[in-house]
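*Asks:* So the chains spell out like this:
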Amino acid sequence: MFVQLQGAWSPLFGRLTLDSIPYSNPIIIFAAAFSAVAGLAIVIPVLYYKKLGYIFREWICSVDHKKIGVMYIILGLVMLFRGFVDGMMIRTQQVMADGPNSPGVLEAQHGYIPPSHFDQIYSSHGTLMIIFAATPLLTGLGNIVVPLQIGARDMAFPRMNAISLWLTVMGAMLVMASLFIGDFSDAGWVGLTPLTELPYSPSVGVDYWMWAIQISSIGTTLNAINIITTIIGMRAPGMRWDRLPIFTWTTLSTSIIGLTAFPILGVALALLGADRYLGTHFYTAGMGGNLMLYTDLFWIWGHPEVYFLVLPAFGVLSEVIPTFSEKPLFGYITMVGATFAIAGVSWAVWLHHFFTMGAGPMVNTFFSVATMIVGVPTGVKVFNWILTMYRGRITYATPMLWSVGALLLLLVGGLTGVMLANPAINYTVHNSVFVIAHFHCMVLLIAFTIFAAVIYWFPKVFGFKLDEHNGKRFFWTFCIGTTVVFTAMFALGFEGETRRLDYLYDTDWMPMLITEEIGIGFYCLSVFYFFRMLYVSIRDREKNRCGADPWGTARTLEWLTHSPVPFYNFAVTPQVHELDELAWRRANNCEHVMPETYDPIHMPKNSMVPIIIGVLTFGFGFGMVWRIWWMAGFSLLAIIAAVIISSFTPDPGYTISAEEMRKMEQRKEPPGIVEDSHVPRPLVEERLV
Amino acid sequence: MKTAACKPGPGRILPHLRLCALLPLLTLAGCGAEYRVFHPAGPVANAEFHFTILNTAVMMVIIIPTTILTIVFALRYRKSQNAAYDPSFSHSLVLELLMWGVPLVIVIILTFCTYASVFDVNPADPLALDNPNDSAAMAAPLDVDVITTDWQWIFIYPSEHIATIDDLVVPQGRTVRLRLSSATVTNDFYIPQVAPMIDVMPGMVTRDAFRVNRVSEYEGFSADFSGAGFSWMQFSTRIVSPADFSAWVTKTQGAPDHLDYAKFLQIAQPTINETAAPHYFSNADPNLFAEVDMAVMGGKVFPVPADLDAKAPYPSPTLGKQDEVKSGT
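Going down the list, the sequences are from chains C and P.
Quick note on this note's numbering: the first sequence kicks off at 1 and runs consecutively.
Quick note on this note's numbering: the second sequence kicks off at 690 and runs consecutively.
Looking at chain C on its own, in the form it has when it is part of the complex (with noise of 0.2 Å):
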């Protein structure tokens, strides 16, 4: 051991003792209960029809983009479903908790949670929220749609991608793994350095953080390799840059992001992590450390990450109004320019996450003024999209109504973050849940993009489109539920309450923590009612079969192919004559016409790698949490050998013959992402294994 812990350590078991186990806590065992039963409920129906097999073989080891897309995406929600439960409990507590002379229950003094636990609360709340949830959801959507839109029959690298997507989940998994083992972090999802340093968080939490986002960081940096490529190399023949559907273009812009930004974040974190190893001082206040150092490189990293998720959200913007409007886009050109203004100045701006940490006027001014210049291009966006829903004929489907309530937010977001720019401002509401309600406001604005992109490209993937009902209602509570909660909150901002507070001080805070929980009641409606979307658009799955267009007025390449998507995408790979190919080829009646000739295509085969390659750095994350030296070193070098192996063996893929995919082709119903292949698609691996 390089430095002092506190507590007991052994070799076989690391710091790991069965007193781990919060066993003793309602509730993290009514969570563990709840875990469980979810669990069982998606185990249980998968034995009894005997598809462990099918979901081995044509999910986890897929290398299918599509449906990769789709598990990043199940991820993305199950992680929203777990932060929006933390946020709940958030609230919950601070209302619970107001005034002196509020009751405790449980262990608590004050509320219901006491303060250690709230701390780890709200921690996974933000990891989960920014990297759990939104990252993945975005991801997952490139992935479904990049390809397609661009003719593709795959991603560059089919394999890496799904080890991309299976470090992901792994992260994921050890967020999840710390509710029932151990215990999260307490120092924000930031990781507040000192505080994240031993002497001020001993215990495994802040290891079990800082893996877990190291992990996925490097799933997500590989993705973004993997979609440059992607958009750079395989485009169809016609598709020139100028013909680039805009979700590509922000998709792009995005992992040029995510390429550069998140390498910055895997170093921060191992330096963090050589403090709390190895004892150096990087990060700590004294030892010529410099817990500015850690500020300054996670928020180089953190500043583009909020372009990393709100560029796309863009996109689909840009994708969902002009199929409803029946409109191309105002101003493609612009639209890209001002994307790619965004994202460059998104690398000057981090320093205004911290104007309190006492830099000169001169260069609080730099960073204000940096910052306040993104608001040019957003607007510049804006205008794109009011015009574009100028002298258009729009109809609300859902993600039209998704769209139109994130343009709002974008406004309430756009001013608030134009004012916490302004230091004199910043110096009255920075910390307090003023800025929290700002930077709610932008990711919820990602977060009704997200829904409306689901919406949207959900028949393209699975061939039937999801119940309106439901989801108009699902819309209109979940905006009744942000109405009401931001507005309360931007009010105690004024009121000076501050962020992260377990107990709160001030009964005068009462009647808005009081609107904000009512404002909860209407998100938990909202949640009732997207169940309710998926179960009866499952149900109802025959009645709400759609064709290759559902919309009827959809506009780019994806909408040509049939829906569901086959996994060879496009059977002959379009040729493209124009910016929104499927429009064109509307305006000339040739959107039907099917291929004469078919060709022998070639395929990526399924492997086994990616899950191993996973599960091997969830054993690598565990024993680093723990301190399990033999089981990280073991899992360590088993990646390395399983790389090398896999590099070593070739995989030339399969080809299907022009006759199977005519075939393919004339069946009434071409085979869609849920049918177990007719065609073999082989695990190669047994050499490996």
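Check the hints yourself; a few may be wrong.
[What the hints assert, rightly or not] Partial chain C-side listing against chain P, Cβ under 10 Å, derived: (1) 74; (2) 78; (3) 100; (4) 103; (5) 376; (6) 391; (7) 400; (8) 477.
Hints are computed from structural coordinates only; laboratory data are not their basis.
Given the structure is predicted, the values throughout are model-derived calculations rather than measurements.
C-beta: ideal position from N, C-alpha, C; glycine also.
Once you have looked at the hints, place chain P on chain C.
*Replies:* Showing chain P alone in chain C's frame:
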């Protein structure tokens, strides 16, 4: 004494715009006292509030029309409305130049606001405090050293040789200059109505300054999360008359407890001061701030126990709940 003229910065620009910005103040003043940020006290907080209003007003020039356009277009061009439909309208050079140009102009205006304001409210040396016409304000400032521990505030008055825990007492009308540093982790000094928020960091010294002209009381607290006792890190801020301040200083100088580095080491052990009960020290070491800062930079830490039972905040190991020297204001 430095004056505004010899400092960098634009001084007071846009005075007329500022007057306009006062109008919405009338509505905000209607908000209750619980809206702390809307009830600034003293020149720095006033300047902050003015720029809040000014900035928001400038933004509204673009936000309000955009919001109205969004809603109007979203309703007017519904399919059912049979409004004009022009699917070819997807490009307009004039409009596109305008949509880059107008926000740019707004940002340029806001840049002037920022540049004007950052020097006014710069926590290290706020120009807003300079008032050559007010001799009391330009008199020698009161220096207070602020140290945060896990999880208390220690205020040291080096010239008066006194110190307090969780109680900041300053005279009205006199500029107060703070030096802040932490013995453990980062906190954030925040009195919403009075002073710019400023981080309190271990191994680093930040500065803050304020002046309040009326006798009043405010709640101060930490705004940056610092661990299990963070929610209980409040301190009272009492602005008292100069006479009362002198009386309070004299009284505190008679407090039985003394504060030197050895005593500080005891106080700085993790302590949740649940009721923010104040404590007072006489004979406070005027160099304590520098000593603590040096020790922290030399690697001194105050570890938090892993089995911290946050359910029952434990009292200070050395101090009871006596507050026998709480002053009369």
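*Asks:* Next, verify each hint and record whether it holds.
*Replies:* So, going through the hints one by one against the coordinates:
1. Among the interface hints, the one on residue 74/C is violated; its C-beta lies about 32 Å from the nearest C-beta in chain P, farther than the 10 Å criterion.
2. A hinted interface residue such as residue 78/C counts as satisfied when its beta carbon comes closer than 10 Å to some beta carbon of chain P; here the least separation is about 27 Å, so the hint is violated.
3. Because the beta carbon of residue 100/C sits about 7 Å from the nearest beta carbon in chain P, less than 10 Å, this interface hint is met.
4. Using the Cβ-Cβ criterion of 10 Å, the hint placing residue 103/C at the interface with chain P is not satisfied: the shortest such distance is roughly 14 Å.
5. Interface restraint check for residue 376/C: the shortest CB-CB distance to chain P comes to about 4 Å, inside 10 Å, so the restraint holds.
6. The criterion of a C-beta within 10 Å of any C-beta in chain P is met by residue 391/C, whose closest approach is roughly 4 Å, and the hint holds.
7. Because the beta carbon of residue 400/C sits about 9 Å from the nearest beta carbon in chain P, less than 10 Å, this interface hint is met.
8. Given the 10 Å rule on beta carbons, the hint for residue 477/C is violated: about 20 Å separates it from the nearest Cβ of chain P.
Violated hints, in rising order: 1, 2, 4, 8; the structure is consistent with all others.
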